[in-house]
Amino acid sequence: MDFKPHSLERGFFARPALTVARELIGKVLCRRIGREVLAEVINETEAYIGPQDLAAHGSKGRTARTEVMFGPAGNWYVYFIYGIHWMLNAVTDDIDHPAAVLIRGAGPWTGPAKLTKAMSIDKSFNTLPIAPATELWIEDRGLVIRPRHIRRTPRIGVDYAGDWAKKPYRFVVEHA
DNA sequence: GCAGTGATCATA
DNA sequence: ATGATCACTGCC
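For reference, each letter of the first sequence is one residue, going 204 to 379 in my numbering.
These aren't lab readings, by the way, just hints derived from the structure by calculation.
Because the structure is a prediction, the values reported are computed rather than measured.
Each residue gets a CB set at the ideal place from its N, CA and C atoms; glycine is no exception.
Some hints could be false.
Estimated spans, in silico, between C-beta atoms of each pair [what the hints assert, rightly or not]:
1. Ile287 to His352: 26 to 36 Å
2. Leu257 to Tyr285: 16 to 26 Å
3. Ser323 to Gly214: 25 to 35 Å
Simulated crosslink set (DSS-like; lysine-lysine; CA at most 30 Å straight-line) [to be verified]:
4. Lys263 to Lys370
5. Lys317 to Lys263
6. Lys369 to Lys317
7. Lys263 to Lys369
My request is simple: use the sequences and hints to build the entire structure.
Shown next as structure tokens:
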């Protein structure tokens, strides 16, 4: 075997959100808390592809919250929603092109808010680089999820986005 | 089926 | 300053 596990670099994220969303399936989300490292295989993602995508926060223009999406790929975008939940996203694409991938599930945690709660992820990671130094990063450990086991569906919870709500921008590993 | 919960943003 | 909205979850 010549595969060597490695943490994903900015170049991985500096591509279209749909490409990144698909390729994040099977990668490993890692969170260090003191000496402990939690590591879970990503099994559900959604792509928010750019300014034309009415489901994406960046389509409303630059605001304090969305500014990070207009910045370089490879940073975390973490925001608070419904008064309770933190959502974890990876910024993708180029500078000034607001796009990101929402990480919706990893390991046993199916659901974006359950994931962030279980791995103690909150606003403190917003705008930080996706790298081991931030204590929250993503590794490629060589795991391959067969394409047959990855289903594409419309994104969850974006019914307000008209035709964009129907686009199959969600990737999820089939049960079994 | 829907209440809870509060940051964020537009409007003023 | 106020009100609407919200990339969700858990309980009814």
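Now for the hints, and whether the structure bears them out:
Separation of Ile287 from His352 is about 31 Å and conforms to the stated range, judged on CB atoms against 26 to 36 Å. Remark: the range hint 16 to 26 Å for Leu257 to Tyr285 is upheld by a beta-carbon distance near 20 Å. At about 28 Å, the CB distance of Ser323 to Gly214 agrees with the hint of 25 to 35 Å. As the CA atoms of Lys263 and Lys370 are separated by approximately 19 Å, the hinted pair is consistent with the 30 Å bound.
Only pairs whose Cα atoms come within 30 Å are accepted, and Lys317 paired with Lys263 is accepted, the gap being roughly 27 Å. For the proposed pair Lys369 and Lys317, the alpha carbon gap of about 25 Å is at most 30 Å, so the pair holds. The straight-line distance between the Cα atoms of Lys263 and Lys369 is roughly 19 Å, inside the 30 Å bound, and the hint therefore holds.
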